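**Student:** From first to last, the protein sequence lines are chains A and B.
Just so it is clear: in the first sequence, position 147 is 146 by numbering that gives the first Met the number 0, and no numbers are missing.
Just so it is clear: in the second sequence, position 121 is 120 by numbering that gives the first Met the number 0, and no numbers are missing.
Treat the hints loosely; a few may be bogus.
List of simulated lysine-lysine pairs, DSS-like, C-alpha gap at most 25 Å [said to hold, decoys possible]:
| id | chain 1 | residue 1 | chain 2 | residue 2 |
| --- | --- | --- | --- | --- |
| 1 | A | K261 | B | K189 |
| 2 | A | K136 | A | K425 |
| 3 | B | K271 | A | K290 |
| 4 | B | K189 | A | K265 |
| 5 | B | K221 | A | K557 |
| 6 | B | K221 | B | K309 |
| 7 | A | K327 | A | K265 |
| 8 | A | K557 | B | K271 |
| 9 | A | K142 | A | K557 |
What the hints contain is simulated information worked out from the structure, not anything from laboratory work.
A quick note: this is a predicted structure, and the numbers were derived from the prediction, not measured.
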Amino acid sequence: MSTRTTPQTPAPPETAPSTPSSPPPRGPITQPRLGPLGWARWAWRQLTSMRTALFLLLLLSVGAVPGSIFPQRSIDAVKVTDYIVAHATSGPILDRLGFFDVYASPWFSAIYLLLVVSLIGCIVPRSRIHWHTLRSKPPRAPKRLERLDEHVTFTYAGEPAQVLEAARKLLRRQRFRVVVNADDSVSAENGYLRETGNLVFHIAICVIIVGVAIGHLFSFRGDVIVTEGEAFSSTVSSYNSVIPGPLTNLDQLPPFTIDLQKLDVKFEEQARGAQLGAPREFTAHVQTTEKPGDQPQQQTISPNHPITLDGTEVFLLGNGYAPVVTVKDTKGHVLYSQATPFLAQDNNYTSTGAIKVGSARPKQLAFSGFFLPTAEPTYANGPVSIFPDDQNPELALSIWEGDLYPGGRPQSVYTLNTAQLSQVTKADGSPLLIRLKPGQTFTLPGDRGTISFDSVARWAGLSARVDPGQGLTLAAALLTLLGLLATLLVRRRRVFVRAVAAPDDPSDAPATGPAEALAIRRADGADMHTHSQPSRAGEVSAAGAIPRTVVTIGGLAKNADPGLGTLLIRLRDELT
Amino acid sequence: MSADLSTELVTYSNLALYSAMAVFTVAMLLFAFHLAALGPEKMDRSVAASRPRKPALVGAAEGGGSDLDSDADLPAGDLPSGGGPDDEPETSLRARKMAGMAIMVSWLGTLLVVSSVVMRGLAVMRPPWGNMFEFAVAGAAAVALAFCILVRRNHWEWLGLFVIGPVLLTLGLALFAFYTEAAELVPALKSVWLVIHVTVAILAVGVLTIGFSVGIVYLVKKRREESPSDRRNFMETLPSAARLERTAYGLNMVGFILWTFTLIAGAIWAQKAWSSYWTWDPKEVWTFVIWVVYAAYMHARATAGWEPRKAMTIALVGYVCVILNFTLVNLVFTGLHSYSGLK
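Here chain A stands alone, though its shape is the one from the complex (with noise of 0.2 Å):
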C-alpha cells in the first residue's frame, strides 16, 4: 500500500520535452510553459497521487450520503414526487442537482470514475514493478547489518560456509527466497504475497465495477402481481411492469409458466408490543413449467428462497389480498366475476383497490375504496384493519359511473380516474357507502344491478430478475476479501546472514547464547568482544579447537513490524 506515489509536496508542472530548445518568451511571462503532453503528465502525476486518491475516497463516501437522506427515484418515485411537492423551493433544485438519483448522477459518476482511474494508474505500474520483483533475486546484503533496525550478532561453533548454508536451508524453510552471494552472506526474502494481494484487491475492485455494469447493461427485471388460483407465462407483456437494461434483449425472455395454487401467511399473534401483527411465514405454492409443454413442476416461493427457472430467477416480494367480487345486472347476467388485487397501505394491510366494470350499461360502472382484512368495526377513524389476517374482512366501497376510460389512455388497475365519473349517491345526496362481508350481496340503487363480495383471496407479488453481471461481481467480492487478507496480514521481511571467521584466540570469541548476544548489542556501537562472561570461561576453553564464526543477521521490513525482531532472535536460536 506504500508504494503509491506520494509527493510531500505538489508535483512542480514538468515542462514539456519541446519547451527547452525553444527561445526564451520575450515580455512578462516568466513561469515555464507546459506544452499538452507536459499538463497531460502533470494531470496524470495528480491523478494517480494517493494524496488525491485518498480525498477522492473521502468524497465518495460523502458524496453516497444524500442518497440515503432524500428519497431515491430508484427506489420510490412517489417518494420523491411528495418531496418535490412538499418542498416547493428546495424540490427542484435538488431535483437538478441530482439528489434523487444520487447514484446515477453526473457528479457521483464523476468521483467514482476518477477513482477507477487513479486506481488503474496506481494499478498497472505496480504490477509491472511487482512483475519484475517476482522474478528477481532478494538483492545484495548491505555491507554492515548492524545499521539495520533488527539484528543479531553472534558466533557460530563452525565455518562461516556452514552457518550460511545451515541459515540458507533455513530461511528456504521457513519459506524465503534466498540467495546465497559471493561475499559470505545470505539474503532472503518473503511475503511477496503482500503486494500481490494488494494488486488483486485493487484490481477486484476494478472487477467488481466491470460486473456492475454488465448487470446493468443487460438485467431484466419484470414485477407481476398473481392471485390464488392464477396462471402466469413470462411474456413481455404479461408483467405489470418490465425494466430492463438499456442492452437487453426482451425478446428472449424464458417463456417459463408460474401457476400459484395457494400463498400461505402467517402473522404473529402471540407476542405483545410492536410484535404483534409481525409477518412470520409467506409462502407461494406454485406450479411451473420452464417451457411450454414441460412437465409441471411443484415448488415453493418463499422470502429468501427464489426459483430458478430457465436462468431467470423468482422472487415472492409483496403480498395481499385480492376480494372476489361480483356485479350483476338487474336481470341477472354477470358482468364482472374476478379476484380483484388490492395494495395494503399499511402494516395491516388497510388496502386499496378499484373495480371496474367496464360491461355495464347504459353507464359503465366503477367501485373503488378499502379492503380491511380485519375491520375495525365502528369506522370511528374512517375504513381501517386492526389485525394484517383475515380474521374479520370487510369491504368498504364507494360507487362511480360514467366514463371509465376517458380519452381512452392507460391507468393504473388499483385506482379510478374521476375525471367523467359521478358518485352515486343516496336519495339525500350523501355518498353511498357499501359495506360488505363475505358472502354478502348489496342491491345497487336506481336498477344499477347487484355487488356480491364472495370470498377473500391472496395475491403474490412475484419478480422476476436476470443479472448476467452477479456471478463476475460475487468472484471480484470473494477476490477482494483474499487480496485484503493477504495484504493486511502478510509481511514483507528481506533477511541478510553475513558470517566472518573469527579470530583464533578462543577468549576473544565466547561461545554463543542469548546472553552473549545481548552483551554483543549492550556494546552498542562497539558491537562485539565483551569480555565480561568469566562464568563462561571454563565452556569456552572447553571448545577451543572449533572454527568460530562471526554471524550477524539483520531484518529490513516495508512497514513497521514488530514481529520481525522475534523472528530473528528464533533464527539465531535455530542457528546455534
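Add chain B to chain A, keeping to what the hints say.
**Tutor:** Just chain B, lined up with the frame of chain A:
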C-alpha cells in the same frame, strides 16, 4: 418449546442483563480506580513509557518479552509468550490489585451477558440477533468477551474503562430504548445468512469499538507526549503513543476485514432476500460509507508523509459512521433494513 418455558427464559434473560449492568458498573469503577492508582510517583516512569521503539530488541533479547509480545498489531500466534513487560513501568500494588478485581468483575458481567444472550436464543429458538435490542446486546457481549479474553495477554488493564464503559452504555440503551419483545423472526430474516452476516457484523462492530477507544486514548496520549505537563497522572503509565497507534491500527485492520466480509455477505443475502445484491438502501449506503472511510484510513496510514494522527482521525470518523449506521439509519431512515423491531 412450550410458551411458558419460553416466557420464563426471557424473564431470566432480562434479569441477567440487569444484573450484568450492575456488575459492569462496578467493573467500570474498579477500572477507573485502577487508572487513578496508576498515577506514577517516580519521574522515570514517563520516560520509560514513552521510550522510543528502536531499542526494543534489547528487551526482546533479554527475556523474550518487551513491547513486542504485547502488541496487538498482528495475530499474536507467532510471538513468544511469557516474560514480563520489561520496558513497562512498574505498576503499584494497589493498581494491580484494582485491575485484578476489575477483570474478575468484568468476567462476571460478561458471563451474565453471554448467558442472557444464550437464554434469549433458547427462548426464541433462533440466533438472538434479529432486532436492534438483540443486536446491541449480542454486540456488547462480544466486545466484553473479547476484552476479557485479551486483557491479560495484551496488558490492556488500562483500556478497561474505555471498553466496559461503552459496553455498559450499549446495554443501557438496549434495555431502555431498544427493548423488543422476544418473538419469532419476520420471514425475510429467516436465513442462514442471519448467522453469517449479522454475526460477523457484530464482531466487526465490537472490534471497531475497541479500536475507537484505543484511538481516542492515542490522541490524548500523543498530545501529552508533545507537550508534557508537570502534573503527572496515569497517562504517563499508559503505553507510548506509537504503540497505542499500532494497537489501534491492528484493531481497525481486523475490523475492516470483518466489515468487508459483512458487506459481501450482506450483498449475497440481499440477492437472495430482495432479489438484488445492491439497491442503495440506506443501510447499504452507510455500510458502504463506513467501508470507504476505513479504506481511506488504511490508505492514509500506509502513506508516508501522512501524520498518524490525521489518519487516526479518519478512523474515528469511520466509527462515528458505525454509530450513525446503527442508530440514525435504523430509527429515522426508511429502507429495507427495517428490523429494529421498534415502531
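**Student:** Now look at each hint and say whether the structure bears it out.
**Tutor:** Hint by hint, here is what the structure shows:
no., hint, in the structure
1, A:K261 <-> B:K189, "holds, 21 Å"
2, A:K136 <-> A:K425, "violated, 97 Å"
3, B:K271 <-> A:K290, "holds, 24 Å"
4, B:K189 <-> A:K265, "holds, 14 Å"
5, B:K221 <-> A:K557, "holds, 24 Å"
6, B:K221 <-> B:K309, "holds, 12 Å"
7, A:K327 <-> A:K265, "violated, 34 Å"
8, A:K557 <-> B:K271, "violated, 42 Å"
9, A:K142 <-> A:K557, "holds, 19 Å"
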